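Undergrad: The residues making up each chain are set out below.
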Amino acid sequence: MIDAPEKTFIIRMFHVHHNYGPKKALIDITLDIAKNEFVFISGPSGAGKTTLLKLLYLGEPVSEGQVLIDGINLARIPRKRIPQLRRKFGIIFQDYKLIPTKSVYDNVALVLEAAGAKNRLIQKKVKSVLRLVGMEDRLKSFPPSLSGGEQQRIAVARAIIGDPKIILADEPTGSLDEESAEVILELLRGVLIRGATVIIATHDKALMRKTGGCVLHLEQGRLEASRFIEKQYDNAIF
Amino acid sequence: MITLFFKRAIEDIFKNRFLNLVTIITISLSILIASAFILFFVNTSEIINSWEKGLRIMAYLKPEINNDGLKDLKLAIQSLNDVDTLQFISKQEALSRLKAQMEHQSSLFENLTLNPLPDSIEIRMKASTESWQKIDSLAAQIEALPQIDEVEYGQRWVGRFAQIISLFRLAGYAIGTLFFMATIFIVANTIRLVIYSRREEVEIMRLVGATDNFIKIPFYFEGLIQGALGAIIGLVILYIAFIFISANIEKEFFSGLFRFHFLSPTLLLTILLVSMLVGWLGCYISLKQFLKQ
Ligand SMILES: Nc1ncnc2c1ncn2[C@@H]1O[C@H](COP(=O)(O)OP(=O)(O)OP(=O)(O)O)[C@@H](O)[C@H]1O
Ligand SMILES: [Mg+2]
Numbered sequence: 464m465i466d467a468p469e470k471t472f473i474i475r476m477f478h479v480h481h482n483y484g485p486k487k488a489l490i491d492i493t494l495d496i497a498k499n500e501f502v503f504i505s506g507p508s509g510a511g512k513t514t515l516l517k518l519l520y521l522g523e524p525v526s527e528g529q530v531l532i533d534g535i536n537l538a539r540i541p542r543k544r545i546p547q548l549r550r551k552f553g554i555i556f557q558d559y560k561l562i563p564t565k566s567v568y569d570n571v572a573l574v575l576e577a578a579g580a581k582n583r584l585i586q587k588k589v590k591s592v593l594r595l596v597g598m599e600d601r602l603k604s605f606p607p608s609l610s611g612g613e614q615q616r617i618a619v620a621r622a623i624i625g626d627p628k629i630i631l632a633d634e635p636t637g638s639l640d641e642e643s644a645e646v647i648l649e650l651l652r653g654v655l656i657r658g659a660t661v662i663i664a665t666h667d668k669a670l671m672r673k674t675g676g677c678v679l680h681l682e683q684g685r686l687e688a689s690r691f692i693e694k695q696y697d698n699a700i701f
Numbered sequence: 473m474i475t476l477f478f479k480r481a482i483e484d485i486f487k488n489r490f491l492n493l494v495t496i497i498t499i500s501l502s503i504l505i506a507s508a509f510i511l512f513f514v515n516t517s518e519i520i521n522s523w524e525k526g527l528r529i530m531a532y533l534k535p536e537i538n539n540d541g542l543k544d545l546k547l548a549i550q551s552l553n554d555v556d557t558l559q560f561i562s563k564q565e566a567l568s569r570l571k572a573q574m575e576h577q578s579s580l581f582e583n584l585t586l587n588p589l590p591d592s593i594e595i596r597m598k599a600s601t602e603s604w605q606k607i608d609s610l611a612a613q614i615e616a617l618p619q620i621d622e623v624e625y626g627q628r629w630v631g632r633f634a635q636i637i638s639l640f641r642l643a644g645y646a647i648g649t650l651f652f653m654a655t656i657f658i659v660a661n662t663i664r665l666v667i668y669s670r671r672e673e674v675e676i677m678r679l680v681g682a683t684d685n686f687i688k689i690p691f692y693f694e695g696l697i698q699g700a701l702g703a704i705i706g707l708v709i710l711y712i713a714f715i716f717i718s719a720n721i722e723k724e725f726f727s728g729l730f731r732f733h734f735l736s737p738t739l740l741l742t743i744l745l746v747s748m749l750v751g752w753l754g755c756y757i758s759l760k761q762f763l764k765q
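Order-wise, the sequence lines are chains P and U.
First residue of the first sequence? That's 464 in the numbering used here, and the numbers climb one at a time after it.
First residue of the second sequence? That's 473 in the numbering used here, and the numbers climb one at a time after it.
Next comes chain U alone, as it looks inside the complex (with noise of 0.2 Å):
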């Protein structure tokens, strides 16, 4: 029985090309759509979680400072809030740092008699989620210090970003939620004009005994299959997509520091279910109506 309703389901599809290839690209679309957001938002929160984890204050020292100082300020830093660790970074460590950083510019240092570079601490603030919020004043708390010559915290904008990227993640749910209906509303569109056009047909099977479950069940069949189809294919194109650009992005921005990550297998598996869901729903919605008649 099932067979013979896939074999008509299928049979249904190639009989009614142009219409299932509308409703086919159609979902693909959305699914092609709704799944670069969701490839954009796993990619960036981890891009965040990368940064929050370096989430760190530079605290530049006054060049008088000595051992028993040091030692003090160490204390002092460490008693603040929020603070998870400290590396104090000798002036000279800073400029051979700098040094390997630069090793193609090396010519740059050939005439520095006198190291420029101050002492310095690296803060590394304990992971949280408010973390954004509280290195401000945290950075205040530091600059106030006595033996504190300037704080640097170039991450600042890092917040901003994770705030920009919470609101894209809104806007996404938002847009989600559109092509989800609108999806359904095309497919169930299709399905209808399918029916019409076998209105006939469907009048005959019922005349000759078909139960309307007979009738129907090839039709969920295919939009399951149109639903199936669509995101195999929309996936399929973001991959080809994904493959591209994360190429170059990774190349030109992080210099393989960071690399991006496809949908996992579970989150492909759930988008495909989706799909399939919307499909049958399309099905559901315009079988609903055209039965009761």
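Isolated chain P (complex conformation) (with noise of 0.2 Å):
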């Protein structure tokens, strides 16, 4: 109400740095990301793409800059609260940080456990998440018997469960093959129908060709670029 652009802008960062010790990692960062847009964020190996998802869920606190989530100033969010804004978000994780000691049924049903989420529909609901990623019958599987890929869908699956309004993947099918890239991108295209924000970090030029959307490019820690790709229906397999 006092700010109403900030409303239809779910993320936005203002002069946004960050620091590992010494190393600049981002640098000047100011960016704004709608509701309900598809967006990647490109650039080569260390230009800062994980660096700045991470900042988007305070995997790292801002060094520098503000950062604005869903109308939440991240800097003054008491401590108490990250919960509730980390589950705002679905994650795709780089290196999909799953926990070995727990099944694959129990990795995914973490995100619903820690909501609070009663049991019956947490069944439901990782059942119905897996049999999507087409890992319905690896529930009792543990995460390292499983393939790069294999984990990479588990990963999806609790990233999604959760109907997070903003997805953050990072490299989300660096490890599949063009088919199983191809139903991961169909999911993460059908949370956005249903209304979230959805933000992936690659480098894959491929990917984002063939589903087009807003390209973040990052180099060296700047945001160099901001354009739009079309779609290219050319090599879509849908």
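Note that these hints are calculated values from the structure, not bench results.
Fair warning: there could be bad hints in the mix.
Claimed, not checked - Straight-line Cα separation of at most 30 Å, DSSO-like style, residue types lysine-lysine; simulated pairs:
#1 P:Lys551 / U:Lys760
#2 P:Lys588 / U:Lys688
#3 P:Lys603 / U:Lys598
#4 U:Lys598 / U:Lys534
#5 U:Lys479 / P:Lys590
#6 P:Lys603 / P:Lys668
#7 P:Lys498 / P:Lys551
#8 P:Lys581 / U:Lys760
#9 P:Lys560 / P:Lys543
#10 P:Lys543 / U:Lys764
#11 P:Lys551 / U:Lys688
#12 P:Lys588 / U:Lys487
#13 P:Lys543 / P:Lys588
#14 P:Lys565 / P:Lys588
#15 P:Lys551 / P:Lys487
#16 P:Lys560 / P:Lys588
#17 P:Lys587 / P:Lys551
#18 P:Lys565 / U:Lys764
#19 U:Lys688 / P:Lys560
#20 P:Lys588 / P:Lys498
#21 P:Lys543 / U:Lys598
#22 U:Lys764 / P:Lys487
#23 P:Lys565 / U:Lys534
#24 P:Lys603 / P:Lys581
#25 U:Lys760 / P:Lys587
#26 U:Lys764 / P:Lys551
#27 P:Lys581 / U:Lys688
These numbers come from a predicted model, not from an experiment.
From these two lone chains plus the hints, build me the complex, please.
TA: So, in structure tokens, the structure goes:
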């Protein structure tokens, strides 16, 4: 009400810097991402893509500048509210971050358990979301016994199960063949249709072309360009 | 939710079998030692009480006393402080009591033509906590009476024994407190190791939006379960030891006069709860440190 435009932007960054000790990982980033947008963050390895995502869910503290998520200034968020902030996100980590000592089922169910959902609902949702990623027959397996691609699909399942407002996907198709990558992208488009905002960090240009959307290009910690890529139908599978 | 936390706690205990076993064994050892002390106190104070009830002085009379003299003497003793009851035991009665007590050695009395025992008066003191201190002066006063030949109060050592016991009790409190703290420390350390071995998991839980409580509560359950299991194991071992030892001691020393008691249900429950508290506190300490980071 006080600041109407903020409502339409779910993510805003103003002159954000991030340093790892002396290393400048992000330099003066200013950007806005509207609700229900499909955004790519591109750039070569080491450009700062993962770091940028981390700042959004407070995986790293902002060194300088302001980050607003859904109208909330992260610099002012009390410690107790951090879990609530994180539940707005569904995150597919670059290194998956599955708990190796918990079964596939428990890994995915964790999100809903942490949010206090009922056991019945959890069972139903975990099964249906694992079916979506094609892993319904592996619920009792443990992550170390799965291939990289299978782990990635579990990570996707965990990210989408809580119906988050924002999906952060860090190289979500990195270990997948083209066909499975297509399945994952289809899923992410699905959550977009249901109203979520989807942010994908990748250096896979083919992937961007396949989907189309806004691309924010990072180069050595700086935001170099932001442009719109049209969906190119020639090599689309669907 | 509670069942979920409980399930997670049980799973964690099985996943960290070794650490948990160490913790549980430590707790049960502490419980075993502490409750052995308690058991000792409960039973010794009972023995002392039973002795205290029978706290008495035997006054042996000079042989030439007559009935009137006896009456005066009884009055004189009765008027002394701390005297509860008197009982005159004639020398005939004393002899027959002795014979009854020693019926297996009755051959000893066969050649007895003259009763060697004196008349006596058994004086019971009023039961009070200071009886131990007063028995000496009371005995001296009785001995000073002209009709009295000799007094005997064999249980003077009981007083000393009681003093030693109360010293023991003090040591017991000190040792109990020490064990309490040491156990908390050990539990805190094992839980710290468990958390440390699972810091990655805890970090992931936080990243997907778990609150501190969601992460902590299973650990608390773990601490409580460890405490309960430790107490149960410690008390079962104590009970087994108690059965063996008490059966032997009762036979050897008290020939059925005194029965040892195991800890009362209230006491057992208290020990169980204290042990669970120890588990909980150990958890609390290490979690507080860990989640600050
Ligand atoms: N925890 C850290 N400590 C120190 N330096 C770090 C840390 N994390 C990242 N960096 C550095 O910050 C820079 C940006 O890293 P970041 O992980 O954001 O890159 P990226 O764009 O995600 O790369 P990639 O495509 O390889 O995943 C890199 O130079 C990296 O070495
Ligand atoms: Mg990265």
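Undergrad: Against each hint, give a clear statement of whether it holds in the structure.
TA: Against the structure, the hints come out as follows:
1. Restraint check for Lys551 (chain P) and Lys760 (chain U): the C-alpha separation of about 27 Å stays at or below 30 Å, so the hint holds.
2. At roughly 25 Å between alpha-carbon atoms, Lys588 (chain P) and Lys688 (chain U) fall within 30 Å of each other, so this suggested pair holds.
3. A threshold of 30 Å between alpha carbons decides the hint, and for Lys603 (chain P) with Lys598 (chain U) the separation of about 76 Å lies outside it, so the pair is violated.
4. Distance hint between Lys598 (chain U) and Lys534 (chain U) is fulfilled; the C-alpha atoms sit about 26 Å from each other, no more than 30 Å.
5. Taking the CA atoms of Lys479 (chain U) and Lys590 (chain P), the gap is about 20 Å. The hint holds against a cut of 30 Å.
6. Among the hinted pairs, Lys603 (chain P) with Lys668 (chain P) is inconsistent with the structure: their alpha-carbon atoms are about 35 Å apart, more than 30 Å.
7. As the CA atoms of Lys498 (chain P) and Lys551 (chain P) are separated by approximately 13 Å, the hinted pair is consistent with the 30 Å bound.
8. For the suggested pair Lys581 (chain P) and Lys760 (chain U), the alpha carbons sit about 29 Å apart, so the restraint of at most 30 Å is met.
9. Annotation: proposed proximity of Lys560 (chain P) to Lys543 (chain P) holds, straight-line Cα distance about 23 Å (limit 30 Å).
10. Restraint check: the Cα-Cα separation between Lys543 (chain P) and Lys764 (chain U) comes to about 12 Å, which is no more than 30 Å; the hinted pair holds.
11. With a C-alpha separation of about 22 Å, the suggested pairing of Lys551 (chain P) with Lys688 (chain U) holds against the 30 Å cut-off.
12. About 27 Å separates the Cα atoms of Lys588 (chain P) and Lys487 (chain U), which keeps this hinted pair within 30 Å; it holds.
13. Pair hint Lys543 (chain P) plus Lys588 (chain P) holds up; C-alpha atoms about 27 Å apart against a cutoff of 30 Å.
14. Pair hint Lys565 (chain P) plus Lys588 (chain P) holds up; C-alpha atoms about 18 Å apart against a cutoff of 30 Å.
15. Taking the CA atoms of Lys551 (chain P) and Lys487 (chain P), the gap is near 28 Å; set against the 30 Å cutoff, the hint holds.
16. At roughly 20 Å between alpha-carbon atoms, Lys560 (chain P) and Lys588 (chain P) fall within 30 Å of each other, so this suggested pair holds.
17. At roughly 21 Å between alpha-carbon atoms, Lys587 (chain P) and Lys551 (chain P) fall within 30 Å of each other, so this suggested pair holds.
18. A threshold of 30 Å between alpha carbons decides the hint, and for Lys565 (chain P) with Lys764 (chain U) the separation of about 25 Å falls inside it, so the pair holds.
19. For the hint pairing Lys688 (chain U) with Lys560 (chain P), the CA-to-CA distance comes to about 20 Å; that is within 30 Å, so the pair holds.
20. Among the hinted pairs, Lys588 (chain P) with Lys498 (chain P) is consistent with the structure: their alpha-carbon atoms are about 25 Å apart, no more than 30 Å.
21. The suggested pairing of Lys543 (chain P) with Lys598 (chain U) is violated, with an alpha-carbon distance near 67 Å, which exceeds 30 Å.
22. Pair hint Lys764 (chain U) plus Lys487 (chain P) holds up; C-alpha atoms about 27 Å apart against a cutoff of 30 Å.
23. For the hint pairing Lys565 (chain P) with Lys534 (chain U), the CA-to-CA distance comes to about 91 Å; that exceeds 30 Å, so the pair is violated.
24. Between Lys603 (chain P) and Lys581 (chain P) the CA atoms are separated by roughly 20 Å; this keeps the pair inside 30 Å, and the hint holds.
25. Using a Cα cut-off of 30 Å, the hinted pair Lys760 (chain U) and Lys587 (chain P) is violated, with the two alpha carbons roughly 35 Å apart.
26. Restraint check for Lys764 (chain U) and Lys551 (chain P): the C-alpha separation of about 24 Å stays at or below 30 Å, so the hint holds.
27. Distance restraint check for Lys581 (chain P) and Lys688 (chain U): the Cα-Cα separation of roughly 20 Å lies within the 30 Å cut-off, and the hinted pair is therefore satisfied.
Against the hints set out earlier in the document, violations occur for numbers 3, 6, 21, 23 and 25.
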